[in-house]
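**Q** Sequence:
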Amino acid sequence: MVKESKLGNPLLVIVVMAGSGKSSVARHLERKGWRVIRFGALTMRELELRNLSINEANEKKVREELRAKHGMAAYAKLLLPMIVKSLSAGPTVIDGLYSWAEYKYLKRKVDNRLKLVAIYTTRSVRYGRLSKRPERPLSFKEAEQRDFNEIENAEKGGPIAIADYLIINDGSEDDLHKAVDAVLSTIYPPS
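The numbering of the sequence shown is this note's numbering, which starts it at 119 and goes up by one.
Take the hints with a grain of salt, since some may be wrong.
[Unchecked claim] Label-pair restraints from in silico Cβ distances:
id	residue 1	residue 2	range
1	L167	K203	27 to 35 Å
2	L170	T304	36 to 44 Å
3	I305	S249	28 to 36 Å
[Unchecked claim] In silico BS3-like links for lysine-lysine, alpha-carbon gap of 27 Å or less:
id	residue 1	residue 2
4	K222	K203
5	K203	K225
6	K187	K222
7	K179	K195
8	K227	K203
9	K195	K259
These are calculated hints, taken from the structure and not from any lab test.
Keep in mind the model is a prediction, meaning the values are calculated, not measured.
For glycine and all other residues, C-beta sits at the position ideal for the given N, C-alpha and C.
The task is simple: from the sequences and hints, build the whole structure.
**A** Below, the structure written as structure tokens:
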């Protein structure tokens, strides 16, 4: 376990199905002074290193190869040094936990600081958002296949089911930010 003295700051871990609003939450927290570690950035970096186009098929391929090489907790393992460094500097949010194994790995390493927040959005709303996003839009079929992959292969359902907090995000971005602030005030009340 990482020593508590190095981890005097909170670690908020966001878990969602694609299109639920994690990037909006991460940007909101970043504006509040939180440090953001985006697990998906590791995928993007690998795509760039391999000179692969950014699309759902290549992203899936990279995610699966990283997990085959480093285990199902790959993203948490590979990014742990960055997480520890970030926690030593201030409150940190992980934008996008992928798997049950990553959750268990992080819990072992930073248990005393980790709060898991699931953001839930109905499937029809998520798929509508995903089809309209400017970067990497997904068709209904692609979004559905990604859901199946994340539930069946990455075991994403476990962290969502065991989350410390659940935020429903079927409304506006402002509503989402207010819900996040309400959760933050419960988890980390002002001193």
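**Q** Against each hint, give a clear statement of whether it holds in the structure.
**A** So, going through the hints one by one against the coordinates:
no.	hint	result
1	L167 - K203: 27 to 35 Å	violated, 22 Å
2	L170 - T304: 36 to 44 Å	holds, 42 Å
3	I305 - S249: 28 to 36 Å	holds, 33 Å
4	K222 - K203	holds, 20 Å
5	K203 - K225	holds, 17 Å
6	K187 - K222	holds, 18 Å
7	K179 - K195	holds, 19 Å
8	K227 - K203	holds, 13 Å
9	K195 - K259	violated, 31 Å
The structure fails to meet hints 1, 9 from the earlier list, while all remaining hints are met.
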